[in-house]
Amino acid sequence: MTDDMPVWAEGLVKTFGGTPAVRGVSLSVPRGMIYGVLGPNGAGKTTTLRMVLGIIDPDAGERTLLGHADPRKVSHRVGYLPEERGLYPAMKAREAIAFMGALRGLDWATGRKRAGEMMEASGLGYAVDRKIRQMSKGMAQLVQLLGSIVHQPELIVLDEPFSGLDPVNQEHLEALVRSEQDRGATILFSTHVMSHAERLCERIAVIAGGQRRFEGTVDDARGLLPMQAQYVPCDRAAEAGALLPADARFDGRTWRFQVPDGGAEPMLLSLISAGHGIAGLSMQRPGLHDAFVRIVSDAKRADAEAQA
Amino acid sequence: MSAFTRQALVVARRDFTAVVATPTFLLFLLAPLFMILMSLLGLTGAAQIADTSQDKTRIGIIATPSDGPFLVAADARLRTMLPREIQPPKLDLIPPHGPNSAAVAQVLLAQPDPNFVAILYGPLEKPTILKEDGRRSIYLATLAEQALRDRKAGIAPGTQLSHAQTTDRKVTTASASSKHATGYAAVFGIFFLTLLLAGQSVGMLAEEKSNKVIEILAAAAPLEAVFLGKLIGMFGVALLFVSFWAGLAGVAIALSASFIPLPPIAAAVGLPTFLVLCALYFTMAFMLLGAIFLGVGAQASTMREIQMMSLPITIFQVAMFGLSSAAAGAPESGLARFAEIFPFSSPFAMAARAANEPEIWPHLVALGWQGLWVAITIWITAGLFRRGVLKSGPGLLSFLRRKR
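Order-wise, the sequence lines are chains P and V. If you're matching positions, the first sequence starts at 1 in the numbering used here and goes up one per residue. If you're matching positions, the second sequence starts at 309 in the numbering used here and goes up one per residue.
Some, not all, of what chain V presents toward chain P, calculated at C-beta under 8 Å: (1) Ala311; (2) Arg314; (3) Gln315; (4) Val318; (5) Arg322; (6) Ala326; (7) Asn519; (8) Lys520; (9) Val521; (10) Ile524; (11) Ala526; (12) Ala527; (13) Ala528; (14) Pro530.
Here are the simulated lysine-lysine pairs, DSS-like style, with alpha carbons at most 25 Å apart: (15) P/Lys92 with V/Lys520; (16) P/Lys73 with V/Lys520; (17) P/Lys92 with V/Lys517; (18) V/Lys517 with P/Lys131; (19) V/Lys364 with V/Lys398; (20) V/Lys439 with V/Lys364; (21) P/Lys92 with P/Lys131.
These are computed hints drawn from the structure, not numbers from a lab. By construction, the Cβ of each residue, glycine as well, lies at the ideal position given by its N, Cα and C atoms.
Extracted from the complex, chain P is given alone in its bound form:
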């Protein structure tokens, strides 16, 4: 809505042939942030991003991109890597990057120069004059990413940028995203792979069933689930279960359970008093993966109940 929110959307709705794809999604991406849009396959992430970018128009709802109600007016200030990768196979890598820059207002000469520099920095210097059809999928994907940022946009939108990349290139892409943030760009990306979001994102939105189900930091998401505890008694381990929560599971040596709402201390005191002792104890927050699974499962259950 304002310049501090490069991406702002309220109540976006999109239906394809009677099937709702997005049902009232709202997004606010603060400037300079790496923001993740997470969701399972078919959740409506790509449709949301395409509406935000103005590739397709929403059936209802409002959105602004870099403060403009018409996203096309600022397309030269935006970089976009679509989910379905596409490059002209007969084009050389340098030309492909310069072409994508030229579409966004960068002159060809500067585009070619930057393309060479960026490919060199990305370890692809040897392939600047190689045709796209002669490149591996990962290389072509990297070329396309470079093409989407060659004009040094203020906002970079990446749709599933890590899919199809090997771990080395994924690492490289993460570094590239961070360096773009350091340059001052705002980055909005979608993924269903939690590890990338966990490492990169400062804030996330989880979309499931066409609706936003969560918005906040990664820690906020993880905080939705109780702490997980692992407890190893010193003595009479099997009997210790009587003092633990009902969902506690024992594998013959270690008890695993969710820390109750009141905290772990009262329970630990009673265990010590009963003479079980503490041979080992660890407590940790669940990962984003678990939080994501919980959010999506809750969403599915809620949708099913609503339908019923």
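Given the coordinates of chain P, assemble chain V onto it according to the supplied hints.
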């Protein structure tokens, strides 16, 4: 330069380079050469077959020795009046065989070599003509009449009585028929070039759709700019093609002008203006039909669908050509006015009008009108594409509701 224009030119540049910088473009550029070579080979073969057949074909006259020279002289004189293509076969004089001439004529007509198609026998005052070919009998009858007249007038065979002197008159005003012919040539030329070149645009978005580049283009630029850019790119290719062949034709005409007479070119608006208008109308015809083809082709997902769409497109083009040709033959008629106004035949019909009528202002109006339709066609086809491929944008009904 506006962002729209700049984006259109970026797409145009990419498309132009992608087409021109490939070996297949050379084949495309030289395609007419192959067509010309094939036509020449066909014509040469047909001419050879015709010559061989002509060599054996004869018309014959069973004539007395006294009539023979008169007949030969009359034949020589009449042949000079006829174009080579319609001249009768070689004349053979056959000695008379008394009362058996009819039977001899029957025998000669039946034999294969030489192959007589008509034979005249009997007295020149009342000859009989035995024929297979009706046209030749008229010629033989005329020969008999001429020879008889010469003989009765006592004019010796081969005598030339009149010695005419011919002087060329410089033509200062073009005839109506030469203007019509020029108009028709303009219609045909623009139609042929459009058919050859604008039809290419039908599959222009196939690459973007199959390579998913359309998503990048759609995110970076309005689809209207992408469509216009594609048309401009293909028009650049067409211009290169036309320039190449126009250059070659110019050189060929310059080299052969001294021994091959050029057909008269007459245009009511003057030749330079006519050529400029033809170039502008070719541009408009290319853009208009190219936009339709691009839009229709953009709805297709596979090469098979594109091929299937080519037929109705070609039929549409031929219909526009037929309408404009009729208009060229009947300037100032209601049909001509309709063809000039109907947007998709207007470029052809207005080129014909430039040949037939001297006013300039209708051309300025027509160019503006056609330009408007180029924009409308691009807007509609881009909208169809957006709805059909990107599944976005209002349907026709909701669009109409909104307008109301």
